[in-house]
Every structure is written in structure tokens, then in C-alpha cells.
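A.B. asks: What follows is each chain in one-letter form.
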Amino acid sequence: MYIQSATKEFINDLISSGKREDGRALDQYREIKLTKGVIENAEGSAMALFGNTKVLAGVKIGIGEPMKDKPNEGNIMTSAELLPMASAEYEMGPPSPDAIEVARVIDRGIRAAGMIDTSSLFIEKDKVWEIFIDVYVLNYDGNLFDAGTTAAVTALLSARMPKLEGESVVREGLNSKLKTNNTVTSCTFAKAANKIFIDPDANEEEFMDTRITIANDGKEIRAMQKGLWGGMTAKELEYATDLSFEKHKELKSIINKTLGE
Amino acid sequence: MGSTQDKPQLMINGKRLDGRGPADLRSIKIEPNVVKNAAGSAYIEWGKNKIIAAVHGPKEALPKHFADPERAIIKCRYMMAPFSSLEEHGRTGPNRRSIEISKVTKEVFENVVMLELFPNTEIDIFVEVLQGDGGTRAAGITAAAVAMALSGIPMTDIPYAVSAGKIGDTVVLDMDKLEDNYSDADMPVAVKPLDNEILLLQMDGSFTKEQLKQAISMITDAGKAIREVQEKAIRKPYEQIIEKYQK
Chain A
378 MYIQSATKEF INDLISSGKR EDGRALDQYR EIKLTKGVIE NAEGSAMALF GNTKVLAGVK
438 IGIGEPMKDK PNEGNIMTSA ELLPMASAEY EMGPPSPDAI EVARVIDRGI RAAGMIDTSS
498 LFIEKDKVWE IFIDVYVLNY DGNLFDAGTT AAVTALLSAR MPKLEGESVV REGLNSKLKT
558 NNTVTSCTFA KAANKIFIDP DANEEEFMDT RITIANDGKE IRAMQKGLWG GMTAKELEYA
618 TDLSFEKHKE LKSIINKTLG E
Chain B
578 MGSTQDKPQL MINGKRLDGR GPADLRSIKI EPNVVKNAAG SAYIEWGKNK IIAAVHGPKE
638 ALPKHFADPE RAIIKCRYMM APFSSLEEHG RTGPNRRSIE ISKVTKEVFE NVVMLELFPN
698 TEIDIFVEVL QGDGGTRAAG ITAAAVAMAL SGIPMTDIPY AVSAGKIGDT VVLDMDKLED
758 NYSDADMPVA VKPLDNEILL LQMDGSFTKE QLKQAISMIT DAGKAIREVQ EKAIRKPYEQ
818 IIEKYQK
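Listed in order, the protein sequences are those of chains A and B. Okay, so the first sequence: first residue is 378 according to our numbering, each after it adds one. Okay, so the second sequence: first residue is 578 according to our numbering, each after it adds one.
Source of the hints: derived by calculation from the structure; they are not laboratory data. Accuracy of the hints is not assured; some may be wrong.
Think about it this way: if two alpha-carbon atoms lie no more than 30 Å apart in a straight line, the pair counts; the simulated DSSO-like pairs of lysine-lysine are [unchecked claim]:
hint: 1; chain 1: B; residue 1: 821; chain 2: A; residue 2: 410
hint: 2; chain 1: B; residue 1: 809; chain 2: A; residue 2: 413
hint: 3; chain 1: B; residue 1: 613; chain 2: B; residue 2: 592
hint: 4; chain 1: A; residue 1: 540; chain 2: B; residue 2: 754
hint: 5; chain 1: B; residue 1: 636; chain 2: A; residue 2: 634
hint: 6; chain 1: B; residue 1: 824; chain 2: A; residue 2: 556
hint: 7; chain 1: B; residue 1: 625; chain 2: A; residue 2: 634
hint: 8; chain 1: B; residue 1: 606; chain 2: B; residue 2: 821
hint: 9; chain 1: B; residue 1: 680; chain 2: A; residue 2: 410
hint: 10; chain 1: B; residue 1: 769; chain 2: A; residue 2: 410
hint: 11; chain 1: B; residue 1: 636; chain 2: A; residue 2: 629
hint: 12; chain 1: A; residue 1: 554; chain 2: B; residue 2: 754
hint: 13; chain 1: A; residue 1: 634; chain 2: B; residue 2: 754
hint: 14; chain 1: B; residue 1: 786; chain 2: A; residue 2: 572
hint: 15; chain 1: A; residue 1: 413; chain 2: B; residue 2: 754
hint: 16; chain 1: A; residue 1: 385; chain 2: B; residue 2: 636
hint: 17; chain 1: A; residue 1: 410; chain 2: B; residue 2: 592
hint: 18; chain 1: B; residue 1: 606; chain 2: A; residue 2: 410
hint: 19; chain 1: A; residue 1: 396; chain 2: B; residue 2: 625
hint: 20; chain 1: B; residue 1: 636; chain 2: A; residue 2: 413
hint: 21; chain 1: B; residue 1: 625; chain 2: A; residue 2: 410
hint: 22; chain 1: A; residue 1: 410; chain 2: B; residue 2: 786
hint: 23; chain 1: A; residue 1: 540; chain 2: B; residue 2: 625
hint: 24; chain 1: A; residue 1: 413; chain 2: B; residue 2: 786
Quantities reported herein were computed from a predicted structural model and do not represent experimental measurements.
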């Protein structure tokens, strides 16, 4: 998003003195609101609000063919749609590179953490369960990575597992849950004016020159993605990693509360 | 419209499976301004349908050769989320059905929006179906009309839409997905309530002349209730402001 140079200067002054537009601390998330089961027709779903960023994730489970290189494993497919209504800057048309990056970073965290045991999705030769995760961005105000991962993970954790009866997939009236192994969370940091701050909003994203997303499962780092042209020191990376484990507890407790556990 | 095989009984003693009579609407709720970045937006729950409509603009028309020096152009995108149905995962991106619905939705608003006030600009209407259960285009238009009104773009009237259909020989209003799958006719209609002019009409199946007349009058009768829900949603943000300043 294009912000005026006056706004840029203003944010620069704020960040330099350790403050932010909405009064948050540099290591503080915006208010997070999480709701599960918003789309009854989907096997799993969740809506995540990070401030004004609004993301809906839907999970559908169906039958498909395994990948050629993994004949005994099911598939996970993650897509992200930056809906044109979500921002004046988003265009109609095929997924933009930004949307593809968001989808791939969310996918990587979930996959690398082994949240879903893909070998348990194997049915028989050439027949496996396929899990589709669709992340729908309804309103953009920065940090789609964390909002998207939180929504997608909550949708997976609350998803029901369909049943195969003969050739047809039964999706209704079931209480079997999709088997999951852990809860992965994602923490995105921005760097600008030599400060590291978590959960950038749209104005801050315009202003930042470095971005890093760290996904962990509470025990280990599972996926990382650095973005933009700026660099960061090893010390800064260490700071971000430590904080991401602290924030994992915070995010996980929000997820668990939403799931009613 | 669907297969006649294994057809479930959709009407028992004049009542439909969800307990409605032939001329009853499903419950309709509209929440205004759900998309902060849009000029106007609305979330509608119409039965089990869950749809967000949003309006952006007026803004510079792009590509530039699309611009009309006499009036604004409208672009519309109607899309169903891949997780919106109980069946298989849908495909992302437009298909022939969604392109047609986008077009007829656009045409409804070309009638009521005062385009001549905004030459050389475009107004975007987005209708995203998050969950579909029959009648999504009608619900989408009803929500988009609220979004347009909230955007402040002047309209000559606030249109609404609802579909009528036929189960056996009974004309019914507002069919859900199951009814639609086994119905004998389906007809979504958008209406401009000031003069009951029809702005959208699509139909397939079979209607006698009398049944068509009955269906249209069912739709315009239901229009009053739909309009009430729309007006309530449009007033809500302003009522909140008034309340705030009266304190």
C-alpha cells in the first residue's frame, strides 16, 4: 500500500523511540479475535482478526491421487486469496506473487511441524485423502502470515474427518476429528529504523525494510521466511527466535481457548 | 433444477422440510461495514448462505480505455469460496457460472447507481460467497445494495433480490439448496422497490402463466420484509453515531 511520506516520517519517529501508532509495545500483538466453525459446510473453518486484518480459513477434505514421489502419503494443499475487496491495492485476477508467498509460508509451517501425519491419509494404492486449506483475506491491515497461520491451524484442529462408504465420501453427521499432532504458530517481525517489532500493520509494512516469519511448535523452529531487501544480524535473529517461542504460548492459549480445550 | 431420481419429498401437508410455508422467506440478517478497507460493505446471512458484499470506488477507471467520459463504469466479481459447499472442494477462480452471475449483478446496479455523477471512474462490486445454500446470487445482490448505500454512492433506489421456484405444482419462495436440486423451476429476480421494476430475471424449469404471475407477486410481497432488513442495516452505523453524541 502506498503511504504518504508524512506518514512514513511519523512512523519512523515513533518506531525510533520505541512507540507505535496504535500505542502498542514493539513486542506486542494487536488484539486477536479467533472464532472456529464459522462455515458449517466446510470440514473445518476459523476466522482470525489481528486488529483490522481479517482472515478466514476453510478446510475441505476429499479423495485424490497421491503425488508421484510420495505414493503412500496423502496431500495437503494450501492456497491464499487476497480478495480484491480486502484492499484498494488488490487486483482481480490470478493469484499475485504476494498471495503465493503467503500460502507457501503458511503451508511450510504446517507441513514442517508434521501437524498432520500425511501417511495416515493413505487409503489404498492411488487413493489418498486430500486436505485443502484455503486462506481468504477479507480485510488487509498487515501481517497476513500470522493471521493466516492462526486461522488455518485452528481450522485444521477443529476439522472433522469425512468417511469413505464404498465410492462416496460421507461428510455429514460425523464426529470423528482430523488427526493432528501438534499446534504450530507463526510470528512475524518487521525491522525498520534499526528496531525489531512484531505483528506489523499495513502502514508499518509499507515502512519496514526487513520482514521475518518464524513458525515453531513450542519445541523447535519449524519454518522461517525472510522477506524484503533489508538485512538483519544474527543477534537480531536470535532475539526474534526467542520472542517467537514466548509468543507461541500466547497464541496457542488463544487457539486452545477457541477450541474449548 | 436437478435429477428426478431418488427425489425426496420436499413438501408435507403444505409445509417445507424446514417448516416454512410456500411463501415464507428464510431468516435474513445483515451486518453493515464488515470490511474496513471498502467504501461500503455488508455481511448477509440468508438461511445458511453466508456472503460478504463490498463496494470500492469511485476510483480511476483501469485499464484507461475502459473509462467512459460520460459516466462511471461498474465492475463486478461474484465468486464462491472453494470451501463454501458441503460437497467437494471447489475450484478457485472464475468459471462460466460465476462470470454470468457477475454480469447480471453488474447490470442490476447499472440501473440504480447514478453513474453520470462520476465520469471516467469505476465502481467495483465484490460478492464473495463464503457458504452457499441456494439463492446466493439473490442474497448477494441484496447485500451489495446495502454495501452500495453505505458507500455513499447515490442510487435512485435500493434494489433487493429473491428467488421463487416450484416444488411439484406448488409455487414457493426462496428455495434452499436441497429444494433447488429437486425443484421443477427456479427463478431469481431483482426488483427496484419504488416502482417494482424487474432488474434481473433468470429462470429455468417450467411455469404456467398463472404460476409465473403468482411467483412474481410472491417476490414483491416478500420485498417489503427484505427491504426492512436492508434499511435496518443501513441505519445501524448512523444510529450508533447518533447514540454516541447524545450521551
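A.B. asks: Decide if the proposed pair is consistent with the structure: residue 809/B and residue 413/A, CA atoms, cutoff 30 Å inclusive.
C.D. replies: Given pair residue 809/B, residue 413/A holds - Cα atoms ~27 Å apart, limit 30 Å.
A.B. asks: Next pair to validate is residue 410/A with residue 592/B; report whether the Cα-Cα distance is within 30 Å.
C.D. replies: 40 Å, violated
A.B. asks: Take the C-alpha atoms of residue 786/B and residue 572/A, compute the straight-line distance between them, and say whether it is at most 30 Å.
C.D. replies: With a Cα-Cα distance of about 73 Å, the restraint between residue 786/B and residue 572/A is violated, given a limit of 30 Å.
A.B. asks: Holds or violated: residue 636/B with residue 629/A, Cα cutoff 30 Å?
C.D. replies: 42 Å, violated
A.B. asks: Verify the proposed pairing of residue 821/B with residue 410/A, using a straight-line Cα cut of 30 Å.
C.D. replies: Roughly 24 Å between the alpha carbons, so the hint for residue 821/B and residue 410/A holds.
A.B. asks: Checking one constraint from the list: CA of residue 540/A to CA of residue 625/B, max 30 Å. Satisfied?
C.D. replies: 23 Å, holds
A.B. asks: Does residue 410/A sit within 30 Å of residue 769/B, going by the straight-line distance between their CA atoms?
C.D. replies: 38 Å, violated
A.B. asks: Under the criterion that the straight-line Cα-Cα distance not exceed 30 Å, is the pair residue 385/A, residue 636/B satisfied?
C.D. replies: 24 Å, holds
A.B. asks: Does residue 556/A sit within 30 Å of residue 824/B, going by the straight-line distance between their CA atoms?
C.D. replies: Judged against 30 Å, a Cα distance of about 52 Å means the pair is violated.
A.B. asks: Given the hint that residue 413/A pairs with residue 754/B, does the C-alpha gap stay at or below 30 Å?
C.D. replies: Holds, because 24 Å separates the two Cα atoms, which is no more than 30 Å.
A.B. asks: Between the alpha carbons of residue 625/B and residue 634/A, is the straight-line distance 30 Å or under?
C.D. replies: Roughly 26 Å separates the two Cα atoms, so the pair holds.
A.B. asks: Holds or violated: residue 410/A and residue 786/B, Cα atoms, limit 30 Å.
C.D. replies: 52 Å, violated
Violation of the numbered hints given earlier is confined to hints 3, 5, 6, 9, 10, 11, 13, 14, 17, 19, 20, 22 and 24; the remaining hints are satisfied by the structure.
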